[in-house]
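K.L.:
Each chain, written out:
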Amino acid sequence: MLGKLTWSAIPFDQPIPLVAGGVVIVALLAVLIWVVVKGHLPYLWREWITSVDHKRIGVMYVLLASVMFLRGGSDAILMRIQQAIAYQSQGYLPPEHYNQIFSAHGTIMIFFVAMPFVIGLMNLVVPLQLGVRDVAFPTLNSVGFWLTATGALLVNLSLVIGEFARTGWLAFPPLSGLVYSPGVGVDYYAWSLQISGVGTLVAGINLVTTVLKLRTRGMNYLRMPMFCWTTLASSLLMVAAFPILTATLAMLLLDRYLGFHFFTNEAGGNVMIFMNLIWAWGHPEVYILVLPAFGIFSEVVSTFSGKPLFGYRSMVLATMAICVISFMVWLHHFFTMGAGPDVNAIFGIASMIIAIPTGVKIYNWLFTMYGGRIRFTTPMLWSVGFMVTFIIGGLTGVLVAVPPADFILHNSMFLVAHFHNVIIGGVLFGAFAGFTYWFPKAFGFRLDERWGKAAFWCTFIGFYVTFIPLYAAGMLGMTRRMQHYDVAVWRPWMIVAVIGMAILTMAVVCQVVQLVVSIRNRESLRDRTGDPWDGRSLEWATSSPPPVFNFAISPDVRGEDAYWEMKAKARQQQFAHAQPEYQDIEMPRNSPTGFVCAFFASIMGFALIWHIWWMVILGLIGAWATFVVFAWRDHDEYVIPAADVARIDRANIEERRNLVSLAGSV
Amino acid sequence: MNLLDPQGPVAAANSTILVDSVAIMLAIVVPTIVAILGFAFWFREGNPRARYQPDFVYSGRVELVVWSIPALTVILLGGVAWIGSHQLDPAAPVPGTGSPVRIQAVSLDWKWLFIYPDQRIATVNTLTVPAGAELNFQLTSSSVMNVFFIPQLGSMIYTMNGMVTRLNLRADNEGKLQGLSAHFSGDGFPDMMFDVNVISQLAFPDWVAATAKSDAVLNEESYKKLMQQGIEAGRPVYRLDDPRLFDLIATQHIPPGPGPQVASDAPHSGGQHAR
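Chains as they are written, first to last, in our numbering: chain L, 48 to 713; chain F, -9 to 265.
Quick caveat, the hints were computed from the structure, so don't treat them as lab data. Beta carbons: idealized from backbone N, C-alpha and C, even for Gly. Just so you know, not all the hints are guaranteed correct.
Derived list of chain F stretches under chain L, where covered just means 3 residues or more per stretch with a C-beta under 8 Å from a C-beta of chain L [stated by the list, open to error]:
1. 39 to 48
2. 131 to 142
Across the chosen pairs, the derived CB separations fall in these ranges [said to hold, decoys possible]:
3. F/His243 - L/Gln135: 37 to 45 Å
4. F/Pro250 - L/Trp95: 43 to 51 Å
5. F/Lys203 - L/Phe59: 47 to 55 Å
6. L/Ile63 - F/Thr87: 53 to 61 Å
7. F/Gly69 - L/Arg270: 20 to 28 Å
8. F/Gly69 - L/Val556: 16 to 24 Å
9. L/Ile372 - F/Leu(-6): 41 to 49 Å
10. L/Leu667 - F/Arg234: 49 to 57 Å
11. L/Met319 - F/Ala200: 35 to 43 Å
12. L/Pro141 - F/Glu211: 30 to 38 Å
13. F/Arg51 - L/Trp95: 46 to 54 Å
14. F/Trp32 - L/Ile372: 30 to 38 Å
15. L/Leu301 - F/His243: 21 to 29 Å
16. L/Met319 - F/Asp(-5): 44 to 52 Å
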């Protein structure tokens, strides 16, 4: 009846996961009860859960990423403490637990923190920057988000029911095969990624279509803000790369469930194929993450330098070059597997070639600052911090792209330090910069600057204190994923790294306090103009938060930096506004499709993990039926009458006029 | 274990390339970082002496320079990578004095087995080699993937079941080194560290003779016992019964090692072996 699921799946003998899981469950129940008792449930259902508004979905993505960031960060703290004390001892985490923690840390940070964070920001901002009213497929957008949430749910469920993979975040066979990992851990890993992978794929398709097909009047390709370009590149990579991941994990699952032999030791299975396939997805994946971050920095540096982006066309070229070349470098993840010198050298050089467009980007941001009038707000601090940190990560990255150097650095702590250097210094700094920069657009008030800057400095310093020691440990031959060790020279570096981790923890505390303080002081931080930073692109042309239809009148774009030019023109013309003619606006109706579909997908995923076959069929039919019902819908849009549009827009224009006259009088 | 303290020609070449590459890159990275901090500071809003040039958005000359700097660096480093990859191909010979020593390494769950087919001996978790001689490694795995790595001797290489990888090294100085597995392989992974004893070429035959007197014999039967999952605390040594044992392992005539002994109701695959 319940497949492999028995009471022994709940780790009553392991206090740490049990207590952690218990706290999370109690907290969730408390929130749920509070919501129901206070009567917020209808509001949440109407305005958020069933919403197909790209802004709301973007916010939910970022919220999911933030919650999972706390989980992944807790894992990091546990690991750093373990390695600091596990010198000539077993530390406090036995191998079966430690191995789950580092596997979960990697999986969560990439798939459920970095991915939803950047997808959330793209969702929130790109339609606004393009001057349109929604993404191309609003309901699909909601489905994508909820499927991602399903994956996150399954990963967290593994904490209390069963176990998570103990194989590392890429679950290399044969270790991840049934023979060497007979438990449900790898199944939790693979099914949560399969389900959330569908979500990522539809998000990618949606964003590509949005950028290609839904631009406002006059917004031709070479007038798009850089963030739209990087979104396009990143989404193209999602569409091209995620099917590889899905196929690879499908083969692994066939091995595990149906006795296939794609990656087993026996019967002609080949583990090297898995290595190649997973990295053929895995390397584009890092560019999926970092390209949107590059876009965010482009927006931030340009806005706060008070200048257009330097070398815009060069940046576009560099972005698309990275997009293409990122598919041609995957082999550098296993130079040490014994491929010949020609193969190694060619992939090494291809990997270095990516450094050229990336270097160009750094220089273009540098020259955007040149001749600027730089305001050091929190997003700008993250950007300058990024430039410095990312160059160092780039240096070590090119270093491990040199095969003979990689022969002694592969899989070492040096490598761990390198990819944290680029993912924290690139993606995470970018996500935080974008979060602070666009927060007022999403919620109508700015974030507290003092706490934001404190968070930046703690992260910046904490990063170096944590990861420079890991570089050093790697140079001393320390390899990654060691639950304990006997080498005395590694120890001091592990202790310094734990101090860095404490500083990084303080940074997270600062972020939380920043949010609380800002919400409390939201009246004084209120952005009434829609343009708190003196911005340049179209998202600042509407109110904060924008009305559900984003723009009352579709903007007419006449050049790069569309909104900057509109502001300049308005100043010249002494605000001689013609009264626009408002029209009825059709917007997509809310739909519970995404939520219901993900509900059934969660049931199906859980049942697959535990081999509860009747429940698998139930989940599958439920998810499929949800789509059928959606496909047969009669009404998918509703009309906002012109009078309402006019009322909302006039209030916005009034505020805006005050801003322009103030700026003009300076 | 310091990578910058190499004890053999391969490690020396690896670390030279590492240091040279860093030096080449620092030559442009340091000025760039200085420029970032300098520009950011000078063009701050409160600096009345900085000239605001909102129209400085394109300069063909600057573009040429910013594409050239990384491109030239990569051309230079690409050359380093091409030449280095060929010179330091793990399978390339590393000539030494005296006769080369053949060593067949097998990664087991979770220990290292070193077979000396010509000397007809085998050791677990300790590798004894003569200084100055070429060391020809053939490597495979009894079960999951591992990476064979002696940091101070240089280049690492994967071990995989049913496959043989090759690696040539040389240890130049007598002394004790340490090696490890550099690819996560399960619960006993951190205990896959092994000792490397580099002894003089004169002492090596004596060590071989002493080891060959061991009571324990390594044959298919004792190997199958050894490949059960577990950690080896001691440093057992064996007389080698059949010098073709490694080939039997690598060609899967001896089936791959078992996983954890946990009851599982899932359909169990396997049982077929290439013969």
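K.L.:
Is it true that the C-beta distance of F/Trp32 to L/Ile372 lies inside 30 to 38 Å, as the hint says?
P.N.:
With Cβ atoms ~34 Å apart, the hint holds.
K.L.:
Is it true that the C-beta distance of L/Leu301 to F/His243 lies inside 21 to 29 Å, as the hint says?
P.N.:
holds, 27 Å
K.L.:
Taking 37 to 45 Å as the hint, is the beta-carbon distance of F/His243 and L/Gln135 inside that range?
P.N.:
holds, 40 Å
K.L.:
How does the Cβ-Cβ distance of F/Arg51 and L/Trp95 compare with 46 to 54 Å: does it lie in that range?
P.N.:
holds, 52 Å
K.L.:
Should the hint that F/Lys203 and L/Phe59 are 47 to 55 Å apart at their CB atoms be regarded as holding?
P.N.:
holds, 52 Å
K.L.:
Quick one: are L/Met319 and F/Ala200 within 35 to 43 Å, going by C-beta?
P.N.:
holds, 40 Å
K.L.:
Mind checking the hinted window 30 to 38 Å against the Cβ distance between L/Pro141 and F/Glu211?
P.N.:
holds, 32 Å
K.L.:
Within 49 to 57 Å: is that where the Cβ-Cβ distance between L/Leu667 and F/Arg234 falls?
P.N.:
holds, 52 Å
K.L.:
Starting from the range 43 to 51 Å, see whether the pair F/Pro250 and L/Trp95 falls in it by beta-carbon distance.
P.N.:
holds, 44 Å
K.L.:
Does the region 39 to 48 of chain F contain three or more residues whose Cβ lies closer than 8 Å to a Cβ of chain L?
P.N.:
holds (count 8)
K.L.:
If I claimed the Cβ atoms of F/Gly69 and L/Val556 lie 16 to 24 Å apart, would that claim hold in this structure?
P.N.:
Because 48 Å falls outside the window, the suggested range is violated.
K.L.:
Indicate whether the distance between the beta carbons of F/Gly69 and L/Arg270 respects the range 20 to 28 Å.
P.N.:
Violated - the Cβ-Cβ distance for F/Gly69 and L/Arg270, about 41 Å, lies outside 20 to 28 Å.
Against the hints set out earlier in the document, violations occur for numbers 7, 8, 9 and 16.
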